[in-house]
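Undergrad: For reference, the chains in residue letters:
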Amino acid sequence: MTLESIRANSRLQIVLGLLFGICFGFLLQKGGVTDYNVIEGQLLLTDFTVVKVMLSAVMVGMIGFHVLRHFGYVRSHAAEGTLGANVIGGLIFGVGFALLGYCPGTVAGAVGTGALDALVGGMLGMLIGAGLFAEVYPKLRDSVLQKGPFPAVTVPEFLRLPTWIVIIVLEIAMIGLLAGLGYLGF
Amino acid sequence: MFEYLTLTSWSPYLAGAGIGVLCCLAFVLSDRPIGCSTAFVKLRGLIGRTINPEKTGRMDYYQEIVPKIDWALMIIPGVMIGAFISVLLSGSFHLLWVPSLWESTFGPSPLLRVIVALAGGILLGFGARWAGGCTSGHGINGSIQLSLASMVTAACFFAGGIATALLLFHGAGAW
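Those sequence lines, one after another, are chains A and B. One point on numbering: in the numbering used here, the residue at position 125 of the first sequence is 455, and numbering is uninterrupted. One point on numbering: in the numbering used here, the residue at position 110 of the second sequence is 111, and numbering is uninterrupted.
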C-alpha cells in the first residue's frame with residue numbers, strides 16, 4: 331500500500347481521523363492541558379504547562395516535519411495569511427479562550443474527563459460560534475479577511491534565510507525559553 | 002509500560018513531544034495538520050442540514066468546508082474518547098460543573114459558570130473560523146511548518162487570552 335493510496339482511501343481516513351483524535355486527546359489529558367485550572371492559569375501567567383506542552387510539540391514536530399519533507403514524505407500546507415483574518419480572528423479567539431478556559435481541542439478533551447461546563451458551555455458555544463461565522467462569511471470574505479496580506483508565507487521566506495538556519499535558531503530560542511521558565515521556578 | 006498509562010499525568014515535555022510525533026504521523030498518513038475547529042463547522046453544517054436543508058445548502062461557507070463525516074470531523078469525538086480513556090486508566094474521571102480556579106474568584110454557581118463558558122465558546126468558535134484555525138492547527142501545526150501567519154495568529158490567541166484573563170480575574174477581585 332502506497333502513501334497515496336492510504337491518503338486517497340476516504341473510509342480509512344475516517345478511521346485514521348478517529349485514531350489520531352484518540353491519541354491526541356490521550357496526550358492532551360496526560361499533559362494536563364484538558365484542565366480549566368491549567369489553561370486559565372497559563373493565561374493568568376501562574377502556570378506554564380500549556381507553553382511547555384506546546385513548545386515541546388513544536389520543537390519535535392518542526393524537526394520531524396522538515397526531515398520528512400526533505401525525503402518527500404510530507405508537503406507543506408502553510409498558506410498566506412492576512413492581518414484582517416489572522417490578527418483580528420486571533421484576538422477574538424483569545425477573548426473566547428480566556429472566558430471559556432479551554433481551546434477547541436482541549437474543550438473536547440475536558441468533556442472526556444467529565445467537565446460539564448466544557449460540554450454545555452464550551453462545545454455548544456463552539457457550534458453556535460462556527461454557525462454564526464458561516465452566516466457572516468460571504469460579507470467578511472471579500473472585505474476584512476483580504477486586508478493586509480502578509481509579505482511571505484513562511485518565516486524563512488520572510489527573513490530571506492535558509493530554512494535550516496531558521497529551524498536551528500528557533501529550536502535554540504525554544505530551549506532557552508523552557509530553560510528560563512525552569513530557572514524562574516515555573 | 003501499563004503502569005505508565007495509569008499515571009494521572011505525565012511530564013508536559015513528554016506529552017508535548019508525543020504530540021509533535023503524532024502531528025508528523027498525521028502529515029505522513031493523512032496529508033493534513035491536526036486541527037480541531039473545522040470539526041465544529043462540519044458538525045454545525047450537518048445539524049443545519051437536518052433543520053433547514055435548503056438554507057444550509059445555499060451557504061457559501063459550507064461549500065468550502067463541506068459538512069460530512071470525514072477525517073477532520075472525527076478528530077473531535079476522538080479527542081473526547083482519548084481523554085476519557087486517559088482518565089479511566091488513572092481513575093481520575095469526575096463530573097464537574099465549576100472548576101476550582103473559577104470558583105475561587107466567581108463563586109460556586111454553575112449557572113454563572115455556564116453562561117460565561119457559553120459566551121466564551123461562541124467567541125472561540127467564531128474567532129477560530131475567522132483566523133482559519135485554532136491552538137492546534139495554527140499554534141502547533143502551523144508553527145511546525147514555519148508558517149508566518151500561523152505564528153502571528155498563535156501570538157494573538159495568547160495576547161487576547163492573557164489580556165482578557167487578567168482583566169476578568171483581577172478586575173473581578175477589585176470589585
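Source of the hints: derived by calculation from the structure; they are not laboratory data. This structure is a prediction, so every number in the text was calculated from the model and none was measured. Warning: the hint list may mix true and false statements.
Footprint (simulated), chain B over chain A, 3 or more residues, beta carbon under 8 Å [said to hold, decoys possible]:
#: 1; stretch: 377-391
#: 2; stretch: 398-411
#: 3; stretch: 468-477
All residues carry an ideal CB built from backbone N, CA and C; glycine is no exception.
Undergrad: So, for every hint listed, does it hold in this structure?
TA: Cross-check of the supplied hints:
no.: 1; hint: 377-391; verdict: holds (count 11)
no.: 2; hint: 398-411; verdict: holds (count 10)
no.: 3; hint: 468-477; verdict: holds (count 4)
When held up to the earlier numbered hints, the structure conflicts with none and fits them all.
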